[in-house]
Amino acid sequence: MAVVLILVFVAVASVLFHLLSPWWWTPIASNWQYIDNTITITFWITGFVFTAVVLFVAYCVFRFRHKPGNRAHYEPESRKLEFWLATVTAIGVAAMLTPGLFVWNQFVTVPKDATEVEVVGQQWQWSFRLPGANGKLGTSETRDVSADNPLGLNKNDAAGLDDIIIEGGELHVPIGKPVKMVLRSVDVLHDFYVPEFRAKMDMVPGMVTYFWFTPTRTGTFEVLCAELCGVGHPQMRGTVVVDTEADYQAWLQQQQTFTQMMASGEVPAKN
Amino acid sequence: MVNVPSSIDDTIPLAEVEDVELYHPHSWWTTYVFSQDAKVIAVQYSVTALSIGLVALVLSWLMRIQLGFPGYFAFIDAERYYQFITMHGMIMVIYLLTALFLGGFGNYLIPLMLGARDMVFPYANMLSYWLYLLAVLVLVAGFFAPGGPTGAGWTLYPPQAVLSGTPGGKDWGIILMLISLILFIIGFTMGGLNYVVTVLQGRARGMTLMRMPLTIWGIFTATVMALLAFPALFVASVMMLFDRVLGTSFFMPAIVEMGEQLQHGGGSPILFQHLFWFFGHPEVYIVALPAFGIVSDLISTHARKNIFGYRMMVWAIVIIGALSFVVWAHHMYVSGMNPNFGFFFATTTLIIAVPTAIKVYNWVLTLWRGDIHLTLPMLFALGFIVTFVNGGLTGLFLGNVVVDVPLSDTMFVVAHFHMVMGVAPIMVIFGAIYHWYPKITGRMMDETMGRIHFWVTFLGAYLIFFPMHYLGLLGVPRRYYELGETAFIPASAHSLNEFITIVALIVGAAQMLFLFNLIWSLRRGKEAGGNPWRATTLEWQTPTTPPPHGNWGKELPVVYRWAYDYSVPGAAEDFIPQNQPNPDRLSMENRS
Chain A
1 MAVVLILVFV AVASVLFHLL SPWWWTPIAS NWQYIDNTIT ITFWITGFVF
51 TAVVLFVAYC VFRFRHKPGN RAHYEPESRK LEFWLATVTA IGVAAMLTPG
101 LFVWNQFVTV PKDATEVEVV GQQWQWSFRL PGANGKLGTS ETRDVSADNP
151 LGLNKNDAAG LDDIIIEGGE LHVPIGKPVK MVLRSVDVLH DFYVPEFRAK
201 MDMVPGMVTY FWFTPTRTGT FEVLCAELCG VGHPQMRGTV VVDTEADYQA
251 WLQQQQTFTQ MMASGEVPAK N
Chain B
272 MVNVPSSIDD TIPLAEVEDV ELYHPHSWWT TYVFSQDAKV IAVQYSVTAL
322 SIGLVALVLS WLMRIQLGFP GYFAFIDAER YYQFITMHGM IMVIYLLTAL
372 FLGGFGNYLI PLMLGARDMV FPYANMLSYW LYLLAVLVLV AGFFAPGGPT
422 GAGWTLYPPQ AVLSGTPGGK DWGIILMLIS LILFIIGFTM GGLNYVVTVL
472 QGRARGMTLM RMPLTIWGIF TATVMALLAF PALFVASVMM LFDRVLGTSF
522 FMPAIVEMGE QLQHGGGSPI LFQHLFWFFG HPEVYIVALP AFGIVSDLIS
572 THARKNIFGY RMMVWAIVII GALSFVVWAH HMYVSGMNPN FGFFFATTTL
622 IIAVPTAIKV YNWVLTLWRG DIHLTLPMLF ALGFIVTFVN GGLTGLFLGN
672 VVVDVPLSDT MFVVAHFHMV MGVAPIMVIF GAIYHWYPKI TGRMMDETMG
722 RIHFWVTFLG AYLIFFPMHY LGLLGVPRRY YELGETAFIP ASAHSLNEFI
772 TIVALIVGAA QMLFLFNLIW SLRRGKEAGG NPWRATTLEW QTPTTPPPHG
822 NWGKELPVVY RWAYDYSVPG AAEDFIPQNQ PNPDRLSMEN RS
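From first to last, the protein sequence lines stand for chains A and B.
The first sequence lines up with residues 1 to 271 when you count with my numbering.
The second sequence lines up with residues 272 to 863 when you count with my numbering.
Calculated directly from the structure, the hints in this document are not laboratory data.
Some hints could be false.
DEER-style ranges, computed between Cβ atoms [to be verified]:
1) B:LEU471 with A:THR87: 27 to 37 Å
2) B:PHE346 with A:GLN249: 45 to 55 Å
3) A:PHE62 with B:LYS825: 40 to 50 Å
4) B:GLY342 with A:LEU20: 23 to 33 Å
5) A:LEU5 with B:GLU769: 20 to 30 Å
6) A:THR87 with B:ALA286: 42 to 52 Å
7) B:LEU471 with A:ILE91: 35 to 45 Å
8) B:GLU769 with A:THR220: 26 to 36 Å
9) B:PHE612 with A:LEU5: 39 to 49 Å
10) B:HIS297 with A:PHE83: 53 to 63 Å
11) B:ARG722 with A:SER21: 22 to 32 Å
12) B:GLU769 with A:GLN33: 28 to 38 Å
13) A:ARG71 with B:LEU285: 29 to 39 Å
We put the beta carbon where it would ideally sit given N, CA and C, even for glycine.
Looking at chain A on its own, in the form it has when it is part of the complex (with noise of 0.2 Å):
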């Protein structure tokens, strides 16, 4: 009878937990309030799922525990039955994948008007890059990484010239207007996570990573490396700022550009 009783309180004490807790994410700042609805779609289907085989296993024990002159039914199987369970768990299956591809396929087609920005790991600080004047990144290379050129642009593309550098201090972003981050390591893997934006993706050395948002509230959010990368993972944290276009223009304008940088020949401070 114990053992019943505590079946049920397990199924029980999870709904109530999960309805209860305090602990659920974090107010949204991006566009991917879709990928919080498909969230909710499999919380309920699978809290469905799981509370029921949890009481059923429960009744099961309490109707049928063992008592002196007992018997087991004997049925083998029962196609009918099994063909059944199995049509509704594909329905169930289909009704969390279908929505999933769907916003999956949004998260895999960046809008034609996004910002390109770029963001590039190192152990363990975060640096950005913004497009200059004529709105296009320059070509970069690992190869070109070296004390006064930190994030390896090709000095010879003119492209990259007007780029604006961000080392190791905070990145901005205008809201409501769509941005691709474009991810680059230097050394070992890392991972660009905002959790208030929800999207993640790794940054991997030796090829160039995306993904895009829009941000939807303005506010300033911390930067956490989602990928290990080595002992300082935990430390390697930096900030965005989602800001009003006055406020992101502004900013702008206080930013250097990678030819004003050569020419002054310092590194912006490492934080």
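Got chain A sorted already, so can you dock chain B onto it with the hints?
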């Protein structure tokens, strides 16, 4: 619904080969140490796996202390923390779970359940264990090497794993880890080929494939998978070893490490991830399928009822095994691989949910209208159902590519895989040990200690890992030595971490009670007799218990029925052993 099988006697063929003489040991050394008897090898595998598992348990305590009470022990610095998580993960997945299920249960149960005298290649079987032991020793040597063991995380992702920012990256740690894996795989291959050939060629007369207990189906399928999956890890290990030792660049692109240009260039870190997960995902099922098989038999035996839908259960095992080779990149949704792969891998991954769900339904439908004996194995089986369903369902979050994006690399993932491939299979391991201990030793394990062990372990593990999902949902990343000041993480999350740590210490302590019971019952346990659970499968029908070398005395058993003739209407007892001839054709298998 009830059909009488067309002909039972027709399914008993003559023996295809003569009963061959086994190698007979001549000394204590060849009987108990360099033994070629699968049962002795099974015990050797199990004891070694449980011993190294104890190390992993202590490591998990140390990690949890750091997470719950950061800085409480000064010696747990960031380097050591990462070394602890790496070794904990690797030990649990490979050196404990894989070795115990296949090397331990596989060796003990395959010959006995199939009515064979031993594995078909006893000498290779012996070598398999000694290579496994060597692999474990090399692994442990990492703790004593300069620089300590590797701290690259159990996934060993390059380039980080072989660079100086990672503990053991430029020292011996990563080298010893890779060598240990290589040794393990060589050893496993010897054992694995043995299990497969024994299942295919060594069965008793009448033991058709579709009469094998699900335990054997689970172990057999998992072994076939392991033979196909481990080579991917093998080559990945060799390639990374070359990158580290010989300066090749399989996985190493151009890298600037701490301001210095390295000599590497042109390699692909993602290639390693594909190889690793081509092994790593089947590995989940290499652990899960034997657990599925064993728990089916535990439930059936202790509910005195045939497993519901045996044929469907067999096919589900085989289908899950096959599908598990086309889902590996669901571990890599945010790895930077071409995102269009996400559509394919999310679909295959969620399809696996269907055969898996069928297995769950059939377990609970076996309980339905059963005669449930709440023995220790049954309790652990119930614990398995709860934790496996919980962990399996959270897999639907992580498998669904877009839902994975916010949750990947958070504590949600940690909670998910611990529930589904940590707690759930370990529930089965405990249930199985309580179940087969009487056959191995001739004595029962102590019931009271067992019940305390079960309740603390089951409820404790659930209390550890269920709330942990919500930390991940909140956004707490995994593999963080310390959270420090993070704006979005409330103070209550730290309280939850403290709570989880305290429960983890208690659950760990309960395992000491289990180990004590294991040893105590060797001499003090109740005499078990040959078939204490009144089970149908062949291992319970041996002439003597524990079974001697050669298992069966003079005559090999002949099998007349499937493994699940429990509570057959009209039969005198509520079980009919597989080797009992049945002139009245009471069995209702093979209804087609």
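Status of the hints after comparison with the structure:
1. B:LEU471 with A:THR87: 27 to 37 Å: holds (34 Å)
2. B:PHE346 with A:GLN249: 45 to 55 Å: Once the Cβ atoms are compared, 52 Å apart, the range 45 to 55 Å for GLN249 of chain A and PHE346 of chain B holds.
3. A:PHE62 with B:LYS825: 40 to 50 Å: Distance hint for PHE62 of chain A, LYS825 of chain B holds at roughly 48 Å.
4. B:GLY342 with A:LEU20: 23 to 33 Å: holds (31 Å)
5. A:LEU5 with B:GLU769: 20 to 30 Å: holds (28 Å)
6. A:THR87 with B:ALA286: 42 to 52 Å: Given range 42 to 52 Å: holds, Cβ gap about 44 Å.
7. B:LEU471 with A:ILE91: 35 to 45 Å: holds (38 Å)
8. B:GLU769 with A:THR220: 26 to 36 Å: holds (28 Å)
9. B:PHE612 with A:LEU5: 39 to 49 Å: holds (47 Å)
10. B:HIS297 with A:PHE83: 53 to 63 Å: The hinted range 53 to 63 Å holds for HIS297 of chain B and PHE83 of chain A, with Cβ atoms some 58 Å apart.
11. B:ARG722 with A:SER21: 22 to 32 Å: holds (30 Å)
12. B:GLU769 with A:GLN33: 28 to 38 Å: holds (33 Å)
13. A:ARG71 with B:LEU285: 29 to 39 Å: holds (37 Å)
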